[in-house]
Every structure is written in C-alpha cells, then in structure tokens.
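Since the structure of chain P is provided, determine the placement of chains F and U on it from the hints.
Chains as they are written, first to last, in the working numbering: chain P, 1 to 240; chain F, 241 to 466; chain U, 467 to 543.
It should be emphasised that the hints constitute simulated quantities derived from the structure, not laboratory data. Please note that the accuracy of each hint is not assured.
Pairs of lysine-lysine, DSSO-like flavour, derived with a Cα cap of 27 Å [claimed, not checked]:
#: 1; chain 1: P; residue 1: Lys72; chain 2: P; residue 2: Lys205
#: 2; chain 1: U; residue 1: Lys508; chain 2: P; residue 2: Lys218
#: 3; chain 1: P; residue 1: Lys218; chain 2: P; residue 2: Lys4
#: 4; chain 1: U; residue 1: Lys508; chain 2: P; residue 2: Lys205
#: 5; chain 1: P; residue 1: Lys4; chain 2: U; residue 2: Lys508
#: 6; chain 1: P; residue 1: Lys100; chain 2: U; residue 2: Lys485
#: 7; chain 1: P; residue 1: Lys72; chain 2: P; residue 2: Lys4
#: 8; chain 1: P; residue 1: Lys218; chain 2: U; residue 2: Lys527
#: 9; chain 1: P; residue 1: Lys4; chain 2: P; residue 2: Lys205
#: 10; chain 1: P; residue 1: Lys218; chain 2: P; residue 2: Lys72
#: 11; chain 1: P; residue 1: Lys205; chain 2: P; residue 2: Lys218
#: 12; chain 1: P; residue 1: Lys72; chain 2: U; residue 2: Lys508
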Amino acid sequence: MYGKGLRPLSIATVAMLAVSLSLVFFYAPLEADQGFIQKIFYLHVPLAITALIGFIVGGVFAIAHLRSGNRKWDAYSYVSIHMSVIFGVAVLVTGSIWAKASWGHWWVWDEPTLVSFLIVFLLYATYYPFRYAIEDPERQARYASVFAVTAGAFVPLNFLAVRMAQSLVHPRVFATANGGLPGSMLLTFLACLAAIALLWVTLVKFELTAKSASGQVKRLRRALDAPAPGAASRIAPEVG
Amino acid sequence: MTSSRAAFAAILGKDLRTELRTLQSLPAMALFAVTTFVIFRFGLDRTALSGSLAAGVLWATLLFAAVLGINRLFVSEHEEGGFDAIRLAPVDRTVLFGAKAAALLIYLLALELIVVPIFALFFLGSAAALPPLLGILVLADLGLATTGTLISSMAVNSRARDLLVPLVLLPLVVPLMIAATGASDPLLTLGGPTYDRFGTWLAVLGLYDLIFGLVGYAVFDFLLED
Amino acid sequence: MSALLPAVAPALPLHEAGKYVAGAYIVFLVLIVVYVAIMAAKLQRIERELGELASFAEQGKGEPARAVEKSSVGGGS
Numbered sequence: 001m002y003g004k005g006l007r008p009l010s011i012a013t014v015a016m017l018a019v020s021l022s023l024v025f026f027y028a029p030l031e032a033d034q035g036f037i038q039k040i041f042y043l044h045v046p047l048a049i050t051a052l053i054g055f056i057v058g059g060v061f062a063i064a065h066l067r068s069g070n071r072k073w074d075a076y077s078y079v080s081i082h083m084s085v086i087f088g089v090a091v092l093v094t095g096s097i098w099a100k101a102s103w104g105h106w107w108v109w110d111e112p113t114l115v116s117f118l119i120v121f122l123l124y125a126t127y128y129p130f131r132y133a134i135e136d137p138e139r140q141a142r143y144a145s146v147f148a149v150t151a152g153a154f155v156p157l158n159f160l161a162v163r164m165a166q167s168l169v170h171p172r173v174f175a176t177a178n179g180g181l182p183g184s185m186l187l188t189f190l191a192c193l194a195a196i197a198l199l200w201v202t203l204v205k206f207e208l209t210a211k212s213a214s215g216q217v218k219r220l221r222r223a224l225d226a227p228a229p230g231a232a233s234r235i236a237p238e239v240g
Numbered sequence: 241m242t243s244s245r246a247a248f249a250a251i252l253g254k255d256l257r258t259e260l261r262t263l264q265s266l267p268a269m270a271l272f273a274v275t276t277f278v279i280f281r282f283g284l285d286r287t288a289l290s291g292s293l294a295a296g297v298l299w300a301t302l303l304f305a306a307v308l309g310i311n312r313l314f315v316s317e318h319e320e321g322g323f324d325a326i327r328l329a330p331v332d333r334t335v336l337f338g339a340k341a342a343a344l345l346i347y348l349l350a351l352e353l354i355v356v357p358i359f360a361l362f363f364l365g366s367a368a369a370l371p372p373l374l375g376i377l378v379l380a381d382l383g384l385a386t387t388g389t390l391i392s393s394m395a396v397n398s399r400a401r402d403l404l405v406p407l408v409l410l411p412l413v414v415p416l417m418i419a420a421t422g423a424s425d426p427l428l429t430l431g432g433p434t435y436d437r438f439g440t441w442l443a444v445l446g447l448y449d450l451i452f453g454l455v456g457y458a459v460f461d462f463l464l465e466d
Numbered sequence: 467m468s469a470l471l472p473a474v475a476p477a478l479p480l481h482e483a484g485k486y487v488a489g490a491y492i493v494f495l496v497l498i499v500v501y502v503a504i505m506a507a508k509l510q511r512i513e514r515e516l517g518e519l520a521s522f523a524e525q526g527k528g529e530p531a532r533a534v535e536k537s538s539v540g541g542g543s
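Excised from the complex, chain P in its bound form (with noise of 0.2 Å):
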C-alpha cells in the first residue's frame, strides 16, 4: 500500500513549506553582496542538493534491484530519478534567473557548480531513451539499475572534475553564500532545505501510489479477461 501515510507526509510538507518560506521573507536579513537577489539562494540550493541526493538515492535503490531481482526496487529507482530530473529543471532554471540577476547573462560558465549540474542533468535525461530502446521489461529493468549505479558513481566525480576546470581568478560565489552564513541565515536555508526534501519524498510516495493503483487496475483487467485499452508506456516500470 504506497498510499498510506501519504496524507501526513503532504500536510508535513505543506507546513514545512509555509514556514521555511516565511522565514525567507520576513525573518532572514537581506544580504551584504548581492541584496534581495540572495533570496533565490534559499530555493535554489535546496532543490540542487535534493536532485543530487535523489540520484544517488536512484542508485541506492539500482543496487537493491540487481541483488534482490525483485522489480519493486526499479520503480523506486526510476521514480526516484524521474523526479529529481523534474526538481533538475527547476534548479537550472532558478540557477540561470539568478544568473541574470547577479552576473546580466541568462548562462554562465563560471559557476562550477551550476556547470556540474548541468551535466548531470544532461546525463540522467538520457535514461529515459535509454530505457525506451530496450523492449524486454525484464532486460530494461536490469540495464536502467546498471546506468542508475553508473551515473551514481559519476556524480562526485564531475564535480571534482569541473571544480578543478574552474580558473582560480573567478570567485565561487557559493562560497561566500555558505562558508560564513549568519545564524539566522543558516537556520533559514535548513528549513527550507528541509521543506523541499519533504517535497521530493511526497511526490516520489505520489506518483509510486498512482502507478500501484494503475498496476491493480491492470491486475483487476486481467482477472476479469476484460479487453484492454490501448498500449501500456513502454519505460515506465509497473507496480503493483
């Protein structure tokens, strides 16, 4: 039952959220550098950091898969990488608004992380054609959790490598947003760090009940030798 406790968890996030965005806006002072503009910091960073883990919470699951061969574990996988490439998009989109703000182009490549996570990204939308072009669901399966523990692995090791890329002269200006954060600043960016963990961990419960009720539909249509509908989405793994 992937439902249960998902009310709870909705009404957790939703208060995490009302308060982590008040403390935003009313209680977090206004930052020396960049102003108001710093404000994008608070949800940008924490949907970044939550994609990233959620990757590698995609791999952790991969590995569950391709030791126990049971397919529960792949839906988790793929559900788990499918929203953190959602929460992606809203990183690089939040990330290139604050671009513009800070530095007047819509794209730098001066900010190694921001440049890292597009890689990523780039990396981990490629799961969905890949998975496409393998017809045997079984085989899918199996591939999808070997390049979800590959790309796993490949995170750290990008942004070491781009990290590295960076000319010494440009300053990481993430540095001076998190190396000496005030502490109301911090408790703010926990809060909201938290508020949009809660947020993944709902959507991912979300969308694994509506694919278990999809699955018992299909299950109900078996038994019954009902006639079926037209075809079933040839990446997205079952459950249920």
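Coordinates of chains F and U only, in the frame set by chain P:
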C-alpha cells in the same frame, strides 16, 4: 583462475585477429579523425592551433572517432552468439568485459598512433609535446575503454543501438575530457610544453579510470543475465 | 577586499531584484502545479478505467445469474 586468463586471451586474440583481417573499424576511425581535422581547419579558419584550442580540437575529434569504434564493439558477440558462449563457459563472465575493454584500449592507442602525429603535422609547430601527451592519452584511453565497453554492451541489445552510445557515453566522459584537455592545454602552447597542474590532472584521470573500472567490473555480470 | 570579487555585480535595486526573485519562486510554483495537473489526468484515467471494469464485472455477474434463473424456472415447471 587459469581458465579465466585463457578465456581472456582467447577473446582478446579473436577480436584483434578479426580486426586485423577485416579492418572494419580502425581505418574508418582514422579517416574520420583526419577528415574532422580538415573540417576544423576550415570551421575555425586557422592553420595553426595552440593551447586550449589545440587541446579541444584534438580531444573532441578523438572522442567522436572513438564513438565510431565503440558502436561496433559488441556487434559480433550480439550476432554470433558470443554472449551465450560466455554465459555457458565455466569462467567468470567479467572476463568478457575485461577482454573487450582491452581490445578497445588497443584500438584507441592504435588510432592515436596514426592520428596524433598527423594532428601535429597539420596544426602544431613542433612535436615536442608528443611524448608527455602519450601519458595523458594512455590514461584517458583507459577511462574511455572501460566506460565505452560498459555502455556498448548495453546498447548492442537495444533498438536504437547507434544512437544510444553517443547519447549516453558523451555526458559520462565529460570529466575525462575536462582532465585530458586541462592537461594537454599547457602542453600544446606555442612556446613549448609547460606542465601546469599536470600531476593533478593525471590524478583525476587515474581516479576516473579506477572508479569506472570498478563500477564496470561490479555490474557487468548483471548485464549478461538472461 | 572588494577587489577579490570582481565578477559579482553590485546588488540590484529592490524593485528590480524583486522581479527576479519573484520569477524564481513563480517557476517553482508553476512546476508543482503542472505536475499536479499531470497527476490529475492520470487519476482521471484510472477512475474511468475502474468505471469500465466495474460495469464489465456487473454485466458478467448479470448474465450467469439470468441463465441460472432460466434453467431453474424451466426445470421447475
């Protein structure tokens, strides 16, 4: 253990002999690379390259030429039952991964042996940078070989085989490219090779090789299950 | 000290900056709402399919029941 080594040697030998006899991958890769150099000459409107431009042109070309070879790496296994053979044989299936990666490594080194001197001829003033470049080439090729073999073994069983390898492989080798060009850039400057952060970049390449070698070794078995 | 931060632009005036911050948070909101809309469509589809299956199941129950009735009526008289 001996049977694994024997299997490794057998698969590697078979691959190299086939390639020598049929010459289907290597000449195409080399020709592609040289033609790409010409395209870059006109695309960039330059007759001499140095520094980051030279490093970029060289590594981008090598990478795309490598993809051509990687696409074809497991085709014979797929069509002639090589996967089934390794499943039935009483050896560790990872031997197939190791042997194929070794074969790909040899192809890449052979490719570079032909192509890099031509690159120097076309664009570089002197060949002084070539010896240290060799070290970078070997380490980068190791990483390219492991990741390429892994992706190729999955792509060969799919529908859009030729599309999948470049699609998935390219983002995966970005750190490799960053390190390789980072190390090559100071080597290829007009004034003669310098070794700015050379050791650090080599360390990154080594780390990449290690991590993806281990990942490939760990997961390859699961790819062969049926 | 400020010479070490050549690339960071001076802070935008509040009304300018406000637009960017608002834009970022609006993007976030829009993405969530779009996701909800997509899930709503999925839910609708599930509801519809369940409805079809329910009527199919009821039909199935109806026919054998009528057949039993017929044979008992026929057998009785």
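### Message
Holds or violated: Lys72 of chain P and Lys508 of chain U, Cα atoms, limit 27 Å.
### Response
holds (20 Å)
#### Entry: Pairwise hint evaluation, Lys72 of chain P against Lys218 of chain P, where the allowed Cα distance is 27 Å at most
Holds - the C-alpha atoms of Lys72 of chain P and Lys218 of chain P are around 16 Å apart, at most 27 Å.
#### Entry: Satisfaction of hint between Lys205 of chain P and Lys4 of chain P, Cα-Cα up to 27 Å
holds (9 Å)
### Query
Holds or violated: Lys508 of chain U with Lys218 of chain P, Cα cutoff 27 Å?
holds (14 Å)
### Query
Is Lys100 of chain P within 27 Å of Lys485 of chain U, Cα to Cα?
holds (12 Å)
### Query
Between Lys218 of chain P and Lys4 of chain P, does the CA-CA distance stay at or below 27 Å?
Holds, at roughly 21 Å.
### Message
Check the hint pairing Lys4 of chain P with Lys508 of chain U against an upper bound of 27 Å on the C-alpha distance.
### Response
holds (19 Å)
### Message
So if I understand the rule, the pair passes when the alpha-carbon distance is 27 Å or less; does Lys72 of chain P with Lys4 of chain P pass?
### Response
Holds: Lys72 of chain P and Lys4 of chain P sit about 17 Å apart, inside 27 Å.
### Message
Check whether the Cα positions of Lys508 of chain U and Lys205 of chain P lie no farther apart than 27 Å.
### Response
Given pair Lys508 of chain U, Lys205 of chain P holds - Cα atoms ~15 Å apart, limit 27 Å.
### Task
For the pair we were handed, Lys218 of chain P and Lys527 of chain U, check the Cα-Cα distance against 27 Å.
Given that 27 Å is the threshold and the Cα spacing comes to 20 Å, the pair holds.
### Query
Going straight from one Cα to the other, do Lys72 of chain P and Lys205 of chain P come out at no more than 27 Å?
Answer holds: Lys72 of chain P to Lys205 of chain P is near 13 Å, not above 27 Å.
### Message
What's the verdict on Lys205 of chain P and Lys218 of chain P, does the C-alpha distance respect the 27 Å limit or exceed it?
### Response
holds (20 Å)
Hint compliance for this structure: no hint is broken.
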